[in-house]
Each structure stands twice: as structure tokens, then as C-alpha cells.
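Use the sequences and the hints to build the structure in full.
Spelled out, the chains give:
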Amino acid sequence: MDIIPEDGLEETQEEVKDLEEKLNGIQLETISVTVIKQPAIDKPDFSEYPESYKENTNKEKLILAYAENFRRQYVHLFRDRKPLFLNPLNECGIEKFVCTTLRPTLLPFKELYHWLGCAEFVSDYITMDQLDPPAELPLQLHSPSTILERQLGNCFDFSNILCSLLLGAGYDAYVVSGYATKEVCLSDESRDICPLLNTKPEVKKEEDKKAAGKYSVKPPRDLRSKFIIKMEARRKKEEEDQKDKERMEEEARVAELEKPPPDLLYGLRIHSWVLIRGGKREVPEDFFIEPFTGRSYSPQNQSFLGIESIWNHNNYWANMQDCSNGCKDMSFDLNDTTKWEYMLVGADRSTLDIPNVEEELYDLEDDEKDNEDDKHLDMPAPWVRPINVTEKQNETRCPSGKKTILYKKAKLEKYSNYLMKDGLVKRLSVYENNELTTLKKVQEWFGNREDKLTMRLHEGGVVTEDFVEGRQRSLKQHVYKANFPGSETDRTMTFYDNARVDGLSKRDESAIEMTEHFINRDDFLYYRHVLFDKRQKKVAPATAEGLPRPILKITEKFHRNKELPANDDIAEQMFILSEDKVQITYHREDANISASTRDFFKPPNAEEKGGNLQWAPDMTSTFQVNQHKLPTKNLTVYEDLIRLIQVEQSSIQAVRNSEEEVREILADRQKEEIASELAISVYDTERNEKAKKHRKELERLAMEEKLRRQEMEMDYLAPFLAQIGNPEKISRNQAFKLKEDCLSDLKQRLIDKANLIQLRFERETSELHKKQLEYQQKQVVMTKEDEEQYFNYCSEAMFRIHILELRLNRHKQMAPHKYMQLEQKLRQDPRLSVYF
Amino acid sequence: MSRLYDTVEPAVVDDEMLKKAVEEQGPKDEAGRIAKQEGIDYWDVLSLRLDFRNILKIDNLWQFKELTKLQLDNNIIEKIEGLDALVNLRWLDLSFNNIEVIEGLNHLSKLEDLTLFNNRISRLENMDSLSALHVLSLGNNKVNQLDNLIYLRRFQNLRTLNLSGNPVCEDPGYKLFTVAYLSHLVYLDFRLIDEETRQKAHSLYENKLGELMHNEQQARSALLEEKRKAKELESHKATYVEFLNGPNLFDAMYKEDPEGNKLSMLPGIQDILKEFREKFVDFCYKIFEYGTKEYDRRSHEVKEFNTCMDDAKHENKKMATEHIDKFENYKKKLFSELLTSNDPDIQEQKVSEYNSEVSQLWDTVMGFEMQLVDQLEETIKDFERNLTDMMSQFVEHVQGLISQLRDLENVHNEKLLEMCMLVLEKVVKNEMSEELPEDLRMLFVDKDTIVNAIGASHDVHLVKIDNREDEIVTRSSGWISSLMQSIHRAECLRNRQRVIEISNFVEHLRDEIDSFDLSEVVRA
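So the protein sequences, as listed, match chains A and B. The first sequence runs 1 to 836 under the UniProt record's numbering. The second sequence runs 1 to 524 under the UniProt record's numbering.
For the record, the hints were derived by calculation from the structure and aren't laboratory data. Don't take every hint at face value.
[Unchecked claim] Some chain A residues close to chain B (C-beta under 8 Å, calculated; not the full set):
1) S190
2) Y215
3) S216
4) V217
5) W615
6) V625
7) K629
8) N634
9) L635
10) E639
All C-beta atoms in this analysis are idealised placements derived from N, C-alpha and C, irrespective of residue type, glycine included.
What follows is the structure in C-alpha cells.
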């Protein structure tokens, strides 16, 4: 301990006394507290919006003036046309030009780089709100960020966001303001066939027939009567025509029945959608995207009845073409001023100009010219906040993660990933009728399942399940009857053959048959068919279950093994177990049309005798195609027989293994179905609990470390030094002043703390007091429970009060020590110690 | 051991010994019984062991054509011989014998493992054809020349070498030398060659090795070039215009023409000769180009014909096999039905149905064959006609070109004659400024001599040209006739075989039902 100078000591002692007195002045008393409730404000609060929402910049004002001018000219020229959608109000009630509401944005999600992904995102994420009234332009157009927040918007809001995303992804996209049918405006797809069902009939690739060579043989002469063939063909054609006609009539009738009721507002319903022009991002030709559904349409589609104007973030064009025929014959060549009237002169950069080599040479000179050209007014920067979508929002998609769409005879339900416990992401139910009552088939898609199930299809009592690669037994597809899920029933399993050691690609089963197909096996086996007998009824039913079905016949087929002569290369071997017979068919020689065969008649129980089998010439019969060849030696035949007996055993074993495998797969499937666990990627930082924990732990540690360091570095003199402007050197006076300030500050803080404790103490006691009073009043009517509650409360409150009392006392005790400590510290501080 | 006793009598490889060995080493048990009953053919044997038998001379092994492994160790063999027929041999053991020279292995090109351990060999030689050699054991021999090991460089697949116990191993540089020169080796004298030794050896012999490799490389490329040239000539020969892409014919003309050569000494004739030669060679080249073009056309034609024939055959085979497969299925069904039914009437009916089905099958398949024969015949005729046309066109064109060659020769001859006349005049008048060589001067005695000389030269030239023309014509027509003959023959053979096959097959089907019935009767 350093020696403290006398005067300082005295002073300190005084201060300590003063502190003690003050602390003692703090006494615990009861104070009643009144809470003032703030009245809720009903006025919309714009404070959350940035400045740009609430006022217009000069440039924006200028552009609005332009727009106004454009509108006036337009109204003057086309008195009978509807007004243009130019400058609606934003959410703060400020007029904004539509083009500046677009904000090209590329979101950091892979699927949103393609227009399909963008359209799907917008249609899923936002709930549609129809225009009211349907034949008038809305007064307001909200900024994209607001809409994304609310997840509710009208067609213009939809188009606005979608177009922003598409422009960000590099598409030549435009918002279209126009007219559409009622179905489109209300996003009513119940008359459309579900796009998932609309699979194109696969175009069979015709094997390009070998061009008939110069020496191709002439086909044999056709000896049939030409006339009869002709008549036959004619008759057939007539029949087909008849059928076609009937079908057409039937279709027409159905179409008539299903026609929507006539719409009073046909052609007047305002709608907004998105146009993508061909040329950029490998888009071959112009098409529309309907933002409610996210589907694309060709401009020829009948649903789109007319266009008033289109715009992107650079310019605004009013349509000058006749739309009485819908959008069928419209041209989207925006440079053609007879068809499209632009608003800003120099802003049009919509055409994709491919830089010319020659032009580039003169680029430098051109630049200046360009600058001169660019003196026209260009579009102001967008006023809206950036569009932001978090990972979670992108994943959850639809509000609350669910969405249901009705189609013609079909219903589509979408769920976001990890929302459903079984990993369901999409369910398509197809019905027989339009009222959606009789179910025809249900198709379900799953995501992130631990058992790799991706799709399940129920149709006509048959279940088809698809799996992705990576399952234990490389199952690819499983087709079975819904009512017979057990083993030894009709089922087909397809496998990923390249992932399997045995190259199995498909296994068909029924009660008495099993067929397996293999691909790319070293032993050239490609087919195995097993015929089972009915299980014999045993007396003891308990063991019957474990008894395998007796095998009647095994047929195995092999590909040609080029290393052996064809006549010695087995093409098919048939083990007829019931007759102890083996039939072998060899491959055909290139020049031959018949194949050699050999039959073996095994003596009973041959497999047990092994190599000691007695040979007899009548155990085999042979047919040799090539008679000139020497007959095969008995020795070879005998060895073949021995080998085949072994092969038969291994084939039987293989069949049993297959049966076992089927049972195992089924058991696995059952277990998985019950568990239905979802797989979480190690890269999924949100869901992977372990990873998350680890990350949190790391964060916590880092935080602690940071705090610790901060504490270490905390300088009690810093605020006071700052007060006097952080001088390089501290004078004596300043030093004293610093010390004094510092100490008085501590004193104040200690007093404050005491006050705080007192305040709490008082609150507790007053509360207790109140309760006590209440109890005394109501004691008679109180139930036992209430009473108990009261007592509990009392004891707790007493405890708290006691603690507070203790704390205050302790604080009173400790405070002088603390004060002394600080004083000591200040004395030793290198900056001040010179003066003490 | 046997060598210790001189009394042991050398044995001879005779039939008895071979038979015994084959039987001993052949199949056992029941299979052995069958084999014995039936007899084992020597050409079926794959491996044979003839050790500790005091064999002096390898003999009588020519029947073992399929043999892949032969053990002749621990005998008293002195000379490697009698192995030329064993072309499939992969494994040969001749250790513990008295061999002094490596020889007689030239036909064993598939040999992979050769053991000559404990012999008296002093030189590595005569193994050039053993390109597949993988393991070579030459321990306990008398190899004494280190340079002799370079001989082993030619075996690209040699991985294991044993030379321990040879005088050469005494050489201090033996190991590094071997490792350096035989860089493919993995095992030397029972030991794995480690990386350190390898590097040391490589750095030690880097220079010499480089030179050696360079030489080898050159020799290899020379060989390749030679092969390439031979191949090119081969392909040119098929065009019948070989050697016409250079001055070959021209040179040949003058080669057998003493007068012409003499005359070319004439002053001032060089220019004429040069011009003539240039023109001549140019024409020759034209013929050559035309010939190769025509050849391409012809081979394309032949290729197309072959593919079409194959397609037709394949198509036909497919139709026939379809029918046969269908019948096989029917047969299976019928037989199982026959088995289940006991009624003799129904059986009778089934059998007759089967027989009629068989005849019908015969009809169909034979019909297909007849159809194919017709089709092919017609196509072959077409092909022959086209090819003949093509060839005659080719010959005509070539003949035209050759007659132009002849014209050139005539023109040249006239020029020569004219010039010679001038020279003769000068000679007669003794105005000749330059000296003529003696033998040339001899020609300018009088007019007849010079004219005769020129005529002889001209005749020689014309004969050469005519010969060339004849050659082209005869060879081309020969090719066509031989090609057509082979096509006809192949087709004939195919047809016969198919017909035999069909009747054979049908007979088998009929036999089957007969034997089937028989067994039924027996069972009943």
C-alpha cells in the first residue's frame, strides 16, 4: 500500500462520511405508482418509411410533369380511350411515376435466376387481391417491399414485383396494363387443366432407318390383291373418320357444357401482367407471364384481351394498335412509333444492340456524341426500398407455408419445406368430376426425407413410390397394390443398377412368380425368372410362415460372351427342380438360325453327392446344330453337369436372397413410414440443431471474450478526460479536479443504487400491504385455493423484501470500501500519480 | 541328385510316359473314370508335368497343341528342342537341367514365364520372339558378360529377373547396371528394387543410357518407316497404278535401252529429253491419280455391297429365328400338355398336330431361305454388272492416257530422229564442233545405223509402255473374276449350310416327339 497524503486522506474520510449519511437518508417507504396508458393512435404511421416515400425529388417532379404532359396529349388525341396508369399514389399518399416504382433486383437464390422461378415465387409468396371495382385502375401502387411485407397485393403489385425480379435477372421484361378475361383477373384456374398433368405425349424418336443402300435386296414380291388392300384401307379410313367425328362432337359438347357463364364486364376487366421480349437471356420469342398463377402464355392466347400501355424501369409506352382482336396480332417492336408511343425520347435501350466491331473502333468519338444525345430527360432512380427476401421467406413461400390451387378436375396443394411432418411439399389430387368429389388419383411430392422418398402416386389401388439415389438397397421405384403391402404379392421394384453390386435393375413379383432383370453383369446374366409352387399347408401354422415357397423352375438368360465360341456359350439355362431336369440352350452362331441344346436328367439328390456322382450316358440328350463337329466328350459333359448342379444351388440361394431382400426392404419401408424423419443438410444452418448449437456456442464464447476484453480495457478516467478534451498532459489542477470528479461520480452512483434498492423495497412492501388489506376484506368469501395462493404470495413477498433489505444493508457496508478502493486506484494511476 | 550316379539310364519321352503322366495329372474320381474310359486327347491337355524323369531329349510333344504349362525340371536335358508345336505355351520350366545354349524357343511367342534355373548357360540370346516375357529365371548359370544383359532390353513386359549365382553377379557394378538398363524391372534376384537404387543407377548410367535409347529410337523409327512404305505400296498395288506417281516408268524405259542412253549423250538433246521426261511423268501422275480415285470408288462400291448383303442376311435370319422361337414356345406348351393328359386319342391328335406344325415350320424357314437366295442372286448380278462397267470404264480411260504416253514417245522419237539426222550430216561433213563419246560416234557411221539405233530405242520404250498397259488390264480383270468367284462360292456355301441346318433341325424336332412318345410308353 502506498502512503496516502494527509490532506487527501482527510478529504476522503469526509466524503465517505457524507456518502454514508446520504445513504442512510434513503429509507424504505411505500409509494403508490400510477400507470398512464397511452391512447392508441389510429392515424397511419409513415415514420417507418424513408424520406423518398414521403416526398418527390426535383427530378421526380419533373418526370411527373412530363407524365402529366404525356397524359394530356394522350387524352386530347384519344378521347374515347381509358386513362393511362401513369402516376398512382404510393402508400404514403404521394404521387409517383410507375417506372420509378420498378427496382431491378437479383435475389441471391438460384431458382430466382430463371423466369419460371421468379414467377412461381411471386405467385406463391403473395396472396392475390382483386381490383375493386374490377374495371377501374387502382388509385394506389405500393412499393415492392411493402407488398412483400404484407404478402397481399393486386395484379399491379404482382406485376411490379415480378418485373423487378425479372429485370434484375437480365430479362427484357415489361409491366403490361391491359384487359383480360374474368378467369385471369380472378386467378380462377378451375377451368384449366393442371400444368402438372399437362405432360406432353413423348415424341417417339423414330430410329432413323438406314438409307437403302445401292445393293439393298428387293423385298419379296407382294402377292396379295392390290384391290382388296385398297378396299380394306378405305374401309378402315371411313371407320376412323367416323370415330374422329364422334369424338370431335363429344368434345364440342363437353366444351359447350363447360363454357363459363357470359361475363358482363367482358373486355373491361383491368388486369396487369408481365411481358418478356425475346432476345435476352436466350428467350426465343415474346411471351406473357400471368403473375397470379406464374404461368406463361403466348401472346396469341385468348385470355388477354387488350393492352393499354407497357413500361419498364426506363420508359413508358402507350399502345397505338387496335386490340379488338385481343393481343393476337400485336407487334411488340417498341421502336416502331406507329405502334407504340414512347414517353421519354432517349431512354430507350430496350433493344439488344450487339456491338459492332467497326463501331467499337470509333467508340471514343462516339462517346461524346452519345453524351450529347443523352441530354434528354432520363428516368429518375427508383424511390422504393430495396427488395429483400430472406432465406426463410424464400423457403416458406406462401403465407403460413400453405397454398391450395383448384384446377379443372384437380386440386393442387403446396407446402413449404419442413412444414409438414412427413416432408410433404406438393399434393395433386385428380378427380373424376368437376365437383371434386370422386378421387381418381393422388400424387404427392416430398422433400428432404430421410428415406429418400420423392414422389408417391396412388392410382387405381396401385401405389407408385419414387426414390432418389442413396438408399441402402438402391431402390428407385416401388410399385405395389395398396391393399396388399406384404411380401409375396404383386409388386415391381426398380433399382439403380449402377449402384448395386449385382446389377439388378428391376424385380417383378407376383404370388407364384418372380422375375429379375440385370444390367452389366460380369457373368452376362440379364434375366432370371422363378416359378414358385403353392406353399404346402403344414400342420403347424406357426412354422409355416418361416418356410420358403418351394421353387418349381428357375430360368436364367445370358448375354453373349464373346470370348467363348457361340456354340459353347450358354444363352439360357432352365432348372426344372420339380423334374430334376436342366435344360441348356446355347447361343446361335452368326450363320445359324437354330441353337444347340442340351438336356440333363439329374439323378435324385445329385447335389448331395458332389463329385462322386455316377455317370450314365442316358443322363443327357444333346442337339448339335453343327453336325460336322466332333461330339462333345463325355468328360466335358460330366463336368458340365457337376458345374450345373453347383450353379443350381447358387441360383436357388440367389432366389432366396432376393426374397429375403424384398422382405427386408418392405420392413425398412414400414419403419421409415412410421418414423418419417426429415433429413437436414449439414449446410442448413437454421435447421441443423447440432450445427446451430455449435455456432451459437461459438458466438457466445466470442461475445464473452469480447466483453472480457472490454472490461479489461475500460478506463474509469476516460469520460472525465474526455470532458477536459483529452489533453496530452494533465496539470496539477486538472489532476485534482479529475480525481474529485471521479470520486463524486462514484459516490453519486452508489447513492443511486441504494435509492434504487429502496424504491424496489417500497414497491414490494406496498404491494404486500395492499394484498393484506384485500385479504382482510375478503377473507370470509375466499376459497381455499385463493387463500393458499395468498399465503404463497405473502411468503414470497416477504422473502423478496427480506432480500432487498439485506442487499441494502450490504450495499451500505460495502459502499465506503468501494469508494476507498477507487481512491486508492486513482492515486496509483500513472497519469495522476505525479501529483499525489 | 541323379547326376551323382552315372549308372542311371536316360529316359525317353515316349507314348507310355506321356499317357501315364496325363492320366496321373488329369481328372480324378468319377471324372477320371470317364476320362480313362474315353481316353484323353493330348490336344486337350493344358498342363503337363514331366519332372524327375531323367529325360535327356525333349521329344514327341507335338500333339500337345493347347498346352499352356510345361514342367521339364530336374531332368538331364542338354538341348532345348522339340517345343516348336507348343505355340500356346505360357509357362515353361527347364530348371535343373544341363542346357548350355538358349535356343529353340522362337515359336513360343506367348511365353510369359521362363525358368532356366541351374543350367550351364553362358549367354543370353535367341529369345527375340518372346515378346510377352514377364518372368525370367536364370539363376545358377554361367552368364559372365555384363553387356550381355542389354539383350534383355527388348522385353517390354519383363518385370522379374533372377540372375543370382552367375559369374556376372560378381561384378561390382552388376546391380546398378541391371537396374539402369532394365528400367521396367520390379524384382531383381528375389528382391524388390527400391527407389534409391533406381535413382542411383539412373544417375550413374544416364549418359550411356541416353545414347543407347537414342539409337534404339532411331532404329525403331526406321523400322516403322519401312513398314509404312511397304504398306503404302501394298495399297497402291490394289489400285493397279503403283509406281506411276513418280518417274519410275520413265526410268524403266531407259534402263533396258542402251541405244537411248547412248543417244542421250548427244549435245543439245538434254533439253529435249528433260522436257519429254517432265511431260511423261506428268501423264504418269495423271494415270496414278485417276487410278487411286477409281480405286476409292471401287472399294466404296464393294463395301456398300457387303453391308447390304450382311443386312439382308441379318434381316432374313431375324425372321427365321422369330419363327423358330415361336415354334419353341409352342413346343414347350405342347409337351407339358402331353405330359398332363392321359388320353391316348388326344395324345395322338397332339402328336399329329405337332408333326404338321413341324412341316409348316420347315416350309416357312425354307421359304425364307429361297427368298434370300433369289434376292442375293439378283443383287450379286447387279453388283457384278456395275463392277464390270466400272472396271471397263477405268481400263478404257487408262488406255486413253497410255496412248497419250505413246504419242509423247512418238513425238520425242521424231524429234530425236530429226536431230540425229542433223548431227549425222555434221559428222559426215566433219563439222562437228564437240567431241562425241566413242560409243556414240560408232552410231553415226551411216544413216542406217543411226536410224536402226533410234528405232530400237523407240521399240523398247513402246514395249515397256505396252507391258504396263497389259499389266493393268489383266490384273484388273483378274481381280474382278476372282472377287466374283469368291462371292459366288461363299453364297453357295452359305445356302448349302443353311439348308442342311434346316433339315437337320427339323429332323431333330421330329426325333424329339418320337422319343418323347417312347418315354411316355415306357412310363405307362
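Interface hint compliance - S216 of chain A to chain B, C-beta minimum distance less than 8 Å: 5 Å, holds
V625 of chain A as chain B interface residue, shortest Cβ-Cβ below 8 Å: 6 Å, holds
Cut-off 8 Å, beta-carbon criterion: hint that E639 of chain A touches chain B: 6 Å, holds
Agreement of hint W615 of chain A with chain B interface, Cβ distance less than 8 Å: OK, holds: W615 of chain A within 8 Å of chain B, min 5 Å.
Interface restraint verdict for V217 of chain A against chain B (beta-carbon cut-off 8 Å): 4 Å, holds
Cut-off 8 Å, beta-carbon criterion: hint that N634 of chain A touches chain B: Where the cut-off is 8 Å and the nearest Cβ of chain B is about 5 Å from N634 of chain A, the hint holds.
Cut-off 8 Å, beta-carbon criterion: hint that Y215 of chain A touches chain B: Hint holds; Y215 of chain A Cβ to chain B Cβ min 4 Å, cut 8 Å.
When the least beta-carbon distance from L635 of chain A to chain B is tested against 8 Å, hint result: 5 Å, holds
Restraint satisfaction for K629 of chain A [CB to CB of chain B, less than 8 Å]: 12 Å, violated
S190 of chain A as chain B interface residue, shortest Cβ-Cβ below 8 Å: 52 Å, violated
Violated hints, in rising order: 1, 7; the structure is consistent with all others.
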